[in-house]
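Student: Take a look at the letters that make up each chain.
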Amino acid sequence: KAGVTQTPRYLIKTRGQQVTLSCSPISGHRSVSWYQQTPGQGLQFLFEYFSETQRNKGNFPGRFSGRQFSNSRSEMNVSTLELGDSALYLCASSLAAPEREQYFGPGTRLTVT
Amino acid sequence: QKEVEQNSGPLSVPEGAIASLNCTYSDRVSQSFFWYRQYSGKSPELIMSIYSNGDKEDGRFTAQLNKASQYVSLLIRDSQPSDSATYLCAVTPSGGYNKLIFGAGTRLAVHP
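Line by line, the protein sequences give chains L and W. Heads up, the first sequence is in this note's numbering, so the first residue is 1 and it goes up one at a time. Heads up, the second sequence is in this note's numbering, so the first residue is 1 and it goes up one at a time.
Worth flagging that the hints you see were computed from the coordinates, not collected in a lab. A few of these clues could be false.
[Unchecked claim] Derived DSBU-like pairs: lysine-lysine, alpha-carbon spacing no greater than 35 Å straight-line:
1. Lys13/L with Lys2/W
2. Lys57/L with Lys42/W
3. Lys67/W with Lys13/L
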């Protein structure tokens with residue numbers, strides 16, 4: 001079974017721009033969660049989507065948003081990029097039931113200059 | 001107090017030894033606990049999940065959970081140099097659906 005895929009793998013953007021990252025979950029997985037990983041803050045939860053609905057949200061500003069499509073694929077968007085948004089953005093998928101195992105994709109490395 | 005705490009290490013063990021990694025959490029009603037391994041430059045890889053008190057074994061890995069003490073640990077038997085990585089403890093808070101709260105991770109170095 002194919003794993004979680006994320007595109008693009010690397011991205012360089014300028015401060016003030018916006019960016020969209022994409023995630024395709026493992027086949028059959030309907031829950032998709034997004035995380036940000038930085039050396040200073042570690043791994044932090046952004047939000048989770050299930051059945052096209054945001055089920056949970058972390059403590060990030062409104063510049064961070066996401067959505068999920070009917071095929072469970074998900075996108076996250078960051079508007080008005082700041083230097084501090086440079087990070088590894090990870091997507092994880094899991095089965096529908098809450099609190100089950102999550103499997104991570106390879107991540108998108110975003111650099112904001 | 002951090003929600004999930006781990007010793008940052010590095011924890012250095014000789015090849016063939018048992019590595020013991022520890023994690024404490026603050027949300028007393030948390031129900032789901034996970035260990036991930038992350039190699040440098042890679043994404044986290046799920047090693048173990050544990051949901052009830054006691055031990056859970058999978059190959060060379062054993063996860064231990066003590067909800068009364070709010071403590072979860074990971075033992076790696078017969079440690080290999082390929083086990084050298086950062087090990088992340090993750091907890092789902094009560095009512096958190098699939099939200100994972102991660103510890104900062106423990107760096108493990110297995111030397112030949």
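Student: For each hint, tell me whether it holds in the structure or not.
Tutor: Hint check results:
Distance hint between Lys13/L and Lys2/W is fulfilled; the C-alpha atoms sit about 32 Å from each other, no more than 35 Å. Restraint check: the Cα-Cα separation between Lys57/L and Lys42/W comes to about 25 Å, which is no more than 35 Å; the hinted pair holds. Between the alpha carbons of Lys67/W and Lys13/L the distance comes to roughly 44 Å, so the proposed pair goes past 35 Å and is violated.
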